[in-house]
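Heads up: the sequence shown is residues 1 to 1050, going by the UniProt record's numbering.
Keep in mind the hints are simulated off the structure, nothing from the lab.
Be aware that one or more of the hints could be misleading.
Within a straight-line C-alpha distance of at most 30 angstroms, the following computed DSS-like cross-link-like pairs (lysine-lysine) qualify [claimed, not checked]:
#: 1; residue 1: K29; residue 2: K270
#: 2; residue 1: K72; residue 2: K770
#: 3; residue 1: K856; residue 2: K825
#: 4; residue 1: K825; residue 2: K876
#: 5; residue 1: K72; residue 2: K825
#: 6; residue 1: K991; residue 2: K938
#: 7; residue 1: K118; residue 2: K29
#: 8; residue 1: K250; residue 2: K372
#: 9; residue 1: K938; residue 2: K825
#: 10; residue 1: K253; residue 2: K856
#: 11; residue 1: K250; residue 2: K770
#: 12; residue 1: K856; residue 2: K938
#: 13; residue 1: K468; residue 2: K526
#: 14; residue 1: K530; residue 2: K253
#: 15; residue 1: K450; residue 2: K548
#: 16; residue 1: K372; residue 2: K463
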Amino acid sequence: MKKIIDSFRQVGIILAFLLSTTILFAQQKVTGVVKSAYDEPLIGVNVVVKGSTQGTVTDFNGRYSIEVPNNKSVLEFTYIGFVSQQITVGNKSTIDITLVEDSKALEEVVVVGYGTVKKSDLTGAVSSIKSEELQKLPMTSLDQGIQGRAAGVQVTNTSGAPGGQVSIRVRGGNSLSSSNEPLYVIDGFPVGAGAMADGNQNGAIANNGMVTINPNDIESIEILKDASSAAIYGSRGANGVVLITTKRGKTGKTKVTYDGYFGIQNIANKMEMMNGEEFATMSNIAAENGGVAPIYGGANEKWKEPSYYRNNSTDWQDLIFRTALMHNHQINLSGGSESNQYAITGNFFSQDGIVINSDLKRASLRANIDSKISNWISVQTSLTASRTFSNVAFSEGDGAQGGGVINGALAIPSTMYVYNEDGTYSTMNQTPYGVTTGNPYALAELAKDKSTIDRVIANVNLKFNLNKITDGLALEIRGGTDYSNAFRDSYLPSTVFQGESDNGIATKGWNRRSVYLNENLLTYQKTFGKHAINAVAGLTIQYDDEIKGRTIVSGFVNDVLEDNSMGSASTTKGTPTSSRWSSQMASWLGRINYNYADRYLLTLTGRADGSSKFGVNNKWGFFPSAALAWRVTEEAFMEDADWLSNMKLRASYGLTGNQGFGSYSSVASLSQYSYNLGGDKATGFAPNKIPNSNLKWETTSNLDLGLDFGFIDNRLKFNVDYYYKKTKDLLWNVSIPLSSGFGSIFSNHGTLRNWGIEASVSYDLITSNKPGAFTWSTTLMYSMNRNKVLSMPDVTPGRPDGYLSGHLRVEGSWLEEGYPVGIWKYYVYDGVFENQEMMDATIVNANGETVAKHPKSLTTDGLGSAKFKDLNQDGKIDREDWAVIGDPNPDFIFSWTNNFTYRNFDLSIFINGSIGNDIMNLGRGEYAMVSPFASQRKDMLNYWTPNNTHTDIPAPRLAPHAYLPLSSYMIEDGSYVRLKNIVLGYRFPIKKYIESLRLYVSAQNLFTITSYTGFDPEVNSKGQNNRQLGVDYNAYPTSKVFTMGVNIAF
């Protein structure tokens, strides 16, 4: 019996062995890679055999390897924030998977001042622009990532030059004399525009201070628009806050990425001017109308000579504009362990301007390092260093003193020549009418205007986890500096008209700015039951120091050394200047976010700022705000409303401030003066302004009412906000009696109002969880703002605000109670006197007087003369007939974005526009005056003649009509719709050593629909001046840009 049992045991062992061997050989091995829709490997994806505990996770490369029982096994791939997938193994040994993000599972986090919140918990008005939107754009500057992508934010390129100044308005302008630009905060550190050195006296362009920041470093941009979100920045938050978060490292192996592109640029819109024959004919008609001999004839026919140095009907625009190249290269290294992460980026950007000898180059380095020292101490460090070079080539400026390159190219007639008979540049061109001007081509080729800006932004954030004291408590100690140093060197040689009479003019300007900041924050987060609290309290201290100066000399023996031998000049032009400013600010801040049951949200914020800029009686200001939000869809009575994914009502009110004025505006200061003492020159000091101990910040009260909707699982989203802002205590130079010894005092005076509506609609029209399927999403944004001067007691009604152009004598915009900021009030142009009957016509006015129906102005000179409306019908044209002829503020601005994907292709189309804004086209005061005074546009050929009487263009005259520049003749509709950007990309499948590879092509400013006759309707030659909006004096034009680029990761 025992033997039988032993035999069965042996047979059992053998059968068990054979069975296990069979099972072993039945199993098969499956490997593969799991990646995102952006071809990036996903680390830590769970890969499980469905219905079993057998599983694994992906490694740093997104790779996995797993044994499955048989070919009927189903692999399940799950990852937080992504849609899960199940795949039957079949006979495949390699299975690569692409997971798509689950928008419903991912709760978007938004950066706010001194913290972050879930988007669903926001109570204020915040626009968020994420890396997914930014990474598709070949951006050259920060503003390109903002324009058209945030409702209520208007971005205007005041110059199309490389590094040209940009104006950003968040819900309109709040100040008349202080800054209207938003506060920029990079990784929690408030930064300014940085140092910019003064240039020459000839009106060269203003640079964009933010050009020193590499836009490709940006992970996300948040724009705080209402008081609830911006009051945490107190006296600097009235104009909104732009929060910039840069890219940081993530846990995983070292990832190396390269982003680069090459592009070509051309002028988007060239002006069509009269050729030599047309200009000569027009000039001779003007001479005939003036009763003098023809201008062109005899010696003045030399322009027809075909010899090389006469250029035979010169096209000055062809000479100064060019096809320009640009390229950008960036290498990024990122990665790290659980306790240490890093992201290091090196960038080089180069852009030639479309005006010859204008360009910009920037080299930058950024290092972000995050370290967890222990369970309760962590540290974040950020360092950015950059050097920026630019050449502006005297490209812009008033027509006085010979004007800039662009102005000269449009003003000089095509009959004028480029070179002298010996082949040298003509240095002084005498137009037939006797106006002396410069050679713009020589100015662009020979003059020098170079800037160099070095900038370092560094900050450290120590975070202490104080959970041992109480759960959710943490202390942050931050410190940082923003140091910038700028130099500007310019030289006008004696071989150009602008420097000829002075035997060369050299200028050196410098500017150094240092900002130091310390912030100490205590944060607390706690959830108990249905209640959640998130609070922050802090103390901040900031010190700002700036020194700048400029020296201009002239009278050089020759031009060989240019500005490199200032001591060899014989004359100092004006007095060399140097100055230094410093200011200090200390602040207490606090905010509490309360959430009950994810339905009722409350935010209370307050900040107290003490600033050395303010008068002794107003050193401190307090800026509170409160906001409420109700998530209606979280209520029990909304459970059956499946069609409504989200509905939230928001309301906020608060105060913010503006201290964008000089450091010593409230105190007395001294200036040096020279005077005669006993026949000798003596020097002394005297007060140059009166102190104001009551000077304080401008205060803006801000009411915001918002509504957020989501439909169809949030595929369709709608957001709308109404806001009402009133700024009081406007800073202004108020006139005081001359008996005081001064003409004015800088004080708080006046009230300004802004209100508006902004809305955005986004819709994922076609979606799919299947990788490679066709998708289409669209976003439409609308913004409307209305402003009005409510009170300005010291401003005399009927007085323009300065001059827009000295030599044209065009006065500035109007500032008057009850009107929007920036309007123009002048004569109303009414065409021309077409015939004698029109000149002789009369009417009986309201007083029973018979007066001329079309009164003659002081410069009326027969038939074909300009005609203006006699609005009060008193039979004469004078200032009593001035009326509002233009408003630079748009009725609304909009943008429309469409994103498409199919298989490995992605396509983005971006359109933006502005409707209802007017432009003061100062160029018309030169090239649309129908006079040999300057070159004329080709559409002026429809001027009045005895055979062409039905026209609104005056007859040619020797002298321009003096009233035309002071009339609606200069105003044009600046509305436009622009195809701003198209990007087409293709992502290649992952290879063994390449994590992702994307090639793309893009086109910017492809076409613009507009009736505006200038270079570009998106313009403001007066830069960031809030009182002089919509002014175009032949500003550097916008470029049409075509680029090809690559993004590759290893």
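Checked hints:
{"no.": "1", "hint": "K29 / K270", "verdict": "violated, 66 angstroms"}
{"no.": "2", "hint": "K72 / K770", "verdict": "holds, 22 angstroms"}
{"no.": "3", "hint": "K856 / K825", "verdict": "holds, 20 angstroms"}
{"no.": "4", "hint": "K825 / K876", "verdict": "holds, 18 angstroms"}
{"no.": "5", "hint": "K72 / K825", "verdict": "violated, 82 angstroms"}
{"no.": "6", "hint": "K991 / K938", "verdict": "violated, 58 angstroms"}
{"no.": "7", "hint": "K118 / K29", "verdict": "violated, 42 angstroms"}
{"no.": "8", "hint": "K250 / K372", "verdict": "holds, 13 angstroms"}
{"no.": "9", "hint": "K938 / K825", "verdict": "holds, 28 angstroms"}
{"no.": "10", "hint": "K253 / K856", "verdict": "violated, 82 angstroms"}
{"no.": "11", "hint": "K250 / K770", "verdict": "holds, 27 angstroms"}
{"no.": "12", "hint": "K856 / K938", "verdict": "holds, 28 angstroms"}
{"no.": "13", "hint": "K468 / K526", "verdict": "holds, 14 angstroms"}
{"no.": "14", "hint": "K530 / K253", "verdict": "violated, 40 angstroms"}
{"no.": "15", "hint": "K450 / K548", "verdict": "holds, 17 angstroms"}
{"no.": "16", "hint": "K372 / K463", "verdict": "holds, 9 angstroms"}
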